[in-house]
Amino acid sequence: MLKKGDIILLVITALLSISGYVGYSMYMDRIESLSKIAVIRYEDQTIRRINIDTVDKLMEFTVNGIYNNKILVEKGRIRVIESDCPDQVCVRTGWLTKTGELAVCVPNRLMIKIEGENLEIDGVTH
Amino acid sequence: MKGTRKITILSVFTSQALVLSIIESMFPIPLGIPGIKLGLANIMTLMTIVIFDFKSALMVVVARVVLASVYGGSMLVFWFSIAGGLISTAVMGLMYKRYEKYFSIIGISVAGALAHNLGQLFVAVIVMKELSVLLLYAPFLMAAGAIMGGFTGLIAHFLLKALKRIITT
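Those sequence lines, one after another, are chains A and B.
Residue numbering for the first sequence follows this note's numbering, starting at 1 and increasing by one per position.
Residue numbering for the second sequence follows this note's numbering, starting at 127 and increasing by one per position.
Since the hints were derived computationally from the structure, they do not count as laboratory data.
Beta carbons: idealized from backbone N, C-alpha and C, even for Gly.
Treat the hints with caution; some may be incorrect.
[Claimed, not checked] Using C-beta positions, here's what the derived DEER-type ranges look like:
no., chain 1, residue 1, chain 2, residue 2, range
1, B, 134, A, 65, 39 to 47 Å
2, B, 292, A, 16, 36 to 44 Å
3, B, 284, A, 51, 53 to 61 Å
4, A, 61, B, 287, 51 to 59 Å
5, B, 226, A, 51, 51 to 59 Å
6, A, 49, B, 181, 49 to 57 Å
7, A, 62, B, 255, 21 to 29 Å
8, B, 255, A, 81, 20 to 28 Å
9, A, 8, B, 130, 40 to 48 Å
10, A, 23, B, 226, 30 to 38 Å
11, A, 39, B, 130, 51 to 59 Å
12, A, 62, B, 226, 48 to 56 Å
13, B, 253, A, 25, 25 to 33 Å
14, A, 56, B, 257, 33 to 41 Å
The shape of chain B in the complex, shown without the other chains (with noise of 0.2 Å):
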């Protein structure tokens, strides 16, 4: 693919993840777990993956993460995102990579919603200075990622089926 192509392609693909996520900070779910939301902006972190790769779907992490902390939030939020989106990209990324015989997109996007779960309570840990508690939460993160990362990675299914031979040709 072109250059000039692919650059477009991934600013549209920023600018799908920047409203997705836009879109479901406006709808917070109410289950006084902090961290729990539907991570809509995964199924455009995941198309990258695979209709580009692994270093371009960083770029369009780091850029959503980025734009998203300027339209709002504090720069504490915005290490939380960094942190989650970095730990789960880098996991469906060596997947999609190495493991593709053995996992779907589904598969691995529930990977990479584990991890960023993981991954942020593993920084509010740090930031907290409190292992026992948070670790309570776990259990609800990891159920939650399993349940968000199969909707977002059903999605990103449907989407890679009727996108990726316009997009590719």
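Looking at chain A on its own, in the form it has when it is part of the complex (with noise of 0.2 Å):
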């Protein structure tokens, strides 16, 4: 049932996929030593910088726009707790804890990520 280049095809796919999700991994264990910093962009700006690691106590608040994304924010997580677009993958991705991770909210644009950032460094730049 198969043919030759299925199989090529098939062992290239699994090839690429691995060898990715291996630089993948390599990176966020690099980056994971560092401060985190969820990020969040609404359209193509940079709306917040909240350093996760240091909230306290609990934050809310909405991001308006096309659609309506309700974010909690806890110490060292971040999520999309509430959304009004169609797709709710945003709330569906959850909490995000560590660097490098991501919720989108395409229909709304927008987007969080933790970024790491190396504090001491950009402590004299800020």
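Take the two lone chains, each set in its own frame, and fit them into one complex as the hints suggest.
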């Protein structure tokens, strides 16, 4: 049933996705140790940067656009808790805790990502 | 095949594709990775390419995406679907026409699913203006494409076996 080209295609796809995943995890390990900054972007602009390591009480706010995303922040984690967008991908993504993790609401053009930042250096420049 | 018969069968295929895409929207895959879905409607696209031709498949895909977004979904979802649908149909149509010797329906379906996922990722990069992090999704989307594409290809393979003679005679 399978032909030669099928096998080649499947092998190449497997190799590419495995090596991509290995590269991804290595990148994750490297940035693990840095301070976690949640960057909230709406349309093309960064509207908020929160150091989630240092949040000590519950924070809640809403980003209003075409749709409304309600965002919840606790110590060490952030998530979209409520959204009135049609696909709900952002809500189902759940909590973001690690550097590099990402929650996207494409309908509302909102993105939350956790960036690693070396605060000792950036503390001077900020 | 006569015009009326062709139009009738294409309409049936379109409605089948529509039903499949509505059914799969009832079962979201909770992996936390946007854009991963079964792609069942791809079965009908493949069937159309094999039984009819690339042009008919394009019509079925466009009609399905337009109708699906009438029943629900925003403008942006429409653009994602149409981009994914057109690029995967183009890839599958070309492969079936030119490289049928080397690829079975299953391989063609996998290539279509990969093209669909990477095409949508490309649209997402343009919409979000964020290259680096979305690229991190590529390995997952490729693996998902290979699995789901293989699955729908297998279904199309058996469906074609059963239906091809009935439809083309």
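Taking the hints in turn, this is what the structure says about them:
1. A beta carbon spacing of about 44 Å between residue 134 of chain B and residue 65 of chain A agrees with the range 39 to 47 Å that was offered as a hint.
2. The beta-carbon spacing between residue 292 of chain B and residue 16 of chain A, approximately 39 Å, falls within the hinted interval of 36 to 44 Å.
3. For residue 284 of chain B and residue 51 of chain A, the hinted distance range of 53 to 61 Å is satisfied, since their beta carbons lie about 55 Å from each other.
4. Checked against the given bound of 51 to 59 Å, the beta carbons of residue 61 of chain A and residue 287 of chain B, roughly 56 Å apart, stay inside it.
5. Separation of residue 226 of chain B from residue 51 of chain A is about 57 Å and conforms to the stated range, judged on CB atoms against 51 to 59 Å.
6. Under the hint 49 to 57 Å, the C-beta atoms of residue 49 of chain A and residue 181 of chain B, about 51 Å apart, fit the expected range.
7. Judged by the Cβ atoms, the range 21 to 29 Å given for residue 62 of chain A and residue 255 of chain B holds: they are separated by roughly 23 Å.
8. In this structure the hint that residue 255 of chain B and residue 81 of chain A lie 20 to 28 Å apart at CB holds, the actual value being about 25 Å.
9. A hinted range of 40 to 48 Å holds for the C-beta pair residue 8 of chain A and residue 130 of chain B, which are about 42 Å apart.
10. Distance hint for residue 23 of chain A and residue 226 of chain B: a CB-CB separation of about 35 Å, consistent with the stated range 30 to 38 Å.
11. A hinted range of 51 to 59 Å holds for the C-beta pair residue 39 of chain A and residue 130 of chain B, which are about 58 Å apart.
12. Checked against the hint of 48 to 56 Å, the C-beta distance between residue 62 of chain A and residue 226 of chain B comes to roughly 53 Å, which is consistent with it.
13. Distance hint check for residue 253 of chain B and residue 25 of chain A: the Cβ-Cβ separation is about 27 Å, which falls inside the suggested range of 25 to 33 Å.
14. Between residue 56 of chain A and residue 257 of chain B the CB atoms are about 34 Å apart, so this pair conforms to the stated range of 33 to 41 Å.
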